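Protein chains: 2
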Amino acid sequence: MNYLSGTEDISLGKLRDTLIRLEDTIIFALIERAQFSYNEPVYKAGLYKYKGCEDFEGSFLEYFLQESEKLHAKVRRYQSPDEYPFTERHLLPDPIIPAIEYPQILKPNDININAKIMEFYVKHIIPSLCAMDDDQNYGSAATRDVTCLQALSQRIHYGKFVAEAKFRDPKDQPKYIEYIKARDSKAIEELLTNKKVEEDLLKRLKRKALIYGQDITEAGDFTLDANLKINVDLVVELYEKWVIPLTKEVEVAYLLERLDN
Amino acid sequence: MNYLSGTEDISLGKLRDTLIRLEDTIIFALIERAQFSYNEPVYKAGLYKYKGCEDFEGSFLEYFLQESEKLHAKVRRYQSPDEYPFTERHLLPDPIIPAIEYPQILKPNDININAKIMEFYVKHIIPSLCAMDDDQNYGSAATRDVTCLQALSQRIHYGKFVAEAKFRDPKDQPKYIEYIKARDSKAIEELLTNKKVEEDLLKRLKRKALIYGQDITEAGDFTLDANLKINVDLVVELYEKWVIPLTKEVEVAYLLERLDN
Numbered sequence: 001m002n003y004l005s006g007t008e009d010i011s012l013g014k015l016r017d018t019l020i021r022l023e024d025t026i027i028f029a030l031i032e033r034a035q036f037s038y039n040e041p042v043y044k045a046g047l048y049k050y051k052g053c054e055d056f057e058g059s060f061l062e063y064f065l066q067e068s069e070k071l072h073a074k075v076r077r078y079q080s081p082d083e084y085p086f087t088e089r090h091l092l093p094d095p096i097i098p099a100i101e102y103p104q105i106l107k108p109n110d111i112n113i114n115a116k117i118m119e120f121y122v123k124h125i126i127p128s129l130c131a132m133d134d135d136q137n138y139g140s141a142a143t144r145d146v147t148c149l150q151a152l153s154q155r156i157h158y159g160k161f162v163a164e165a166k167f168r169d170p171k172d173q174p175k176y177i178e179y180i181k182a183r184d185s186k187a188i189e190e191l192l193t194n195k196k197v198e199e200d201l202l203k204r205l206k207r208k209a210l211i212y213g214q215d216i217t218e219a220g221d222f223t224l225d226a227n228l229k230i231n232v233d234l235v236v237e238l239y240e241k242w243v244i245p246l247t248k249e250v251e252v253a254y255l256l257e258r259l260d261n
Numbered sequence: 001m002n003y004l005s006g007t008e009d010i011s012l013g014k015l016r017d018t019l020i021r022l023e024d025t026i027i028f029a030l031i032e033r034a035q036f037s038y039n040e041p042v043y044k045a046g047l048y049k050y051k052g053c054e055d056f057e058g059s060f061l062e063y064f065l066q067e068s069e070k071l072h073a074k075v076r077r078y079q080s081p082d083e084y085p086f087t088e089r090h091l092l093p094d095p096i097i098p099a100i101e102y103p104q105i106l107k108p109n110d111i112n113i114n115a116k117i118m119e120f121y122v123k124h125i126i127p128s129l130c131a132m133d134d135d136q137n138y139g140s141a142a143t144r145d146v147t148c149l150q151a152l153s154q155r156i157h158y159g160k161f162v163a164e165a166k167f168r169d170p171k172d173q174p175k176y177i178e179y180i181k182a183r184d185s186k187a188i189e190e191l192l193t194n195k196k197v198e199e200d201l202l203k204r205l206k207r208k209a210l211i212y213g214q215d216i217t218e219a220g221d222f223t224l225d226a227n228l229k230i231n232v233d234l235v236v237e238l239y240e241k242w243v244i245p246l247t248k249e250v251e252v253a254y255l256l257e258r259l260d261n
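The listed protein sequences correspond, in order, to chains L and Y.
All letters in the first sequence, in the order written, are residues 1 to 261 by UniProt numbering.
All letters in the second sequence, in the order written, are residues 1 to 261 by UniProt numbering.
Bound-form chain L, shown alone:
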């Protein structure tokens, strides 16, 4: 939301600032989740029956996420072009407050890969992030999960803006058009990729996780390695294995539709 205030102009530099700021949000959210145990029952279907919602068959996390998204939909979160719900749109209520006019930067599209985000988060991130234990703090865990998932979703779907900005570059546009017409996803992905930016990102991420993850002792001392609140390698792996590839998937999917009417 940060980025989108009142301008139709998009520059890659500004977009990158937003993405860099979102790294902090994601790392803070993961650190906050990591203070609670894994709490396996949170992710299993059928832990509870929900009064008033008896036919709900998902996990506790899915229930809590869906109900949070219903509230957020009411205050128009999902009208913002950088916010994507995990809940299917037809299950969400309409906004109960007036709409905001957002600048129309993106070509209209229905790309939403939150199902994939939920899957890697629950299967691969949470079990490595948290102590494999049950501390009964299911509500606390689910609340932090929602924050993590929403930040990851926003980050990954920002790929649409990145793709749009890259497409608008006059130098590359003819090539993009050629590859899009040829349905050549691989060539589009290669043209989108900037290896140097990715390498810098991973270095910066490690640095951030080391710094923000420090456990600062009673007297205010700190040391860079001892007692980290988070597994630094996991944060790097999260981006390397999931965030970067899925962002590219969004970018490519968006560009493949870019010339449609």
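If you're looking for bench data, these hints aren't it; they were derived computationally from the structure.
Honestly, I wouldn't trust all of these hints.
Because identical chains cannot be distinguished in the list, a pair is counted as satisfied if it fits within a single copy or across any two copies.
[As the list claims (entries may be wrong)] In silico SDA-like pairs for lysine to any residue, Cα to Cα no more than 20 Å straight-line: (1) K166 to R258; (2) K49 to P95; (3) K195 to T217; (4) K49 to P93.
Please read all numbers here as calculations on a predicted model, not as lab measurements.
With chain L fixed as given, assemble chain Y onto it according to the hints.
Frame of chain L; chain Y shown alone:
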């Protein structure tokens, strides 16, 4: 919630660890809020009419907080002895999932000073924390406000556990009983106060705000002073002027009721 898993035993050392960890939560939450502008309309009554809730007369923040708390009440957040709602209890729905048995550490009491927390947060913290501007990100601002308020409320109401632990110390208990019977709030407060702990806290807090508030640049470099994401002095002031005194207020109020039946 961290602290309360399955034991009736409370030690001051363990409580302090919880409070120290909550400092990180509070600083992260403030940093996340500070990326958005002040957005004055969020705090003014009557910004919107809320469909289905037309008689609601509070601010947008109060509406969003109340609706968030209704959801959290359904998943039994406020049955936990360290969670206190801002919304009046009779307005909150009953939990829709089975209750957890918490150890009965505290004497039953109705102490809840969230109205004061809301007041200092909106009047004194938010205007100093954020750019005095309007970026239209009202939903993003309110979402972060809810996180800040809930963390501050939990921290301040932990005073009940601190007071209980101090009261249980056999060395001091006769004095506490004497002062409670004499309704001598001032003497109770003095007995509760540990100047050295408070000084260490403020030093540690400054260190944390400096470290977590760093803006780590594109290449991964960092410097301690440049480009902080948060006003360090404000974080220290928040604790000095509000968190520490209000925690003591909770401690004293709790102890004044401690001998009642």
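Between the shortest in-copy and the shortest cross-copy C-alpha distance, which are at most 20 Å for K49 and P93: within, between, both, or neither? Only across copies: K49 and P93 sit 16 Å apart there, 22 Å inside one copy, limit 20 Å.
Should K49 paired with P95 be assigned to within, between, both, or neither, using CA atoms and 20 Å as the limit? For K49 and P95, only the inter-copy Cα distance (12 Å) is at most 20 Å; the intra-copy one is 28 Å.
Is the C-alpha distance from K166 to R258 at most 20 Å within one copy, between copies, in both cases, or in neither? within (12 Å within a copy, 66 Å between copies)
Identical-chain pair category, K195 with T217, by Cα at 20 Å: Classified as between: cross-chain Cα gap 18 Å, same-chain 38 Å, threshold 20 Å.
In summary, the structure agrees with every hint in the numbered list given earlier.
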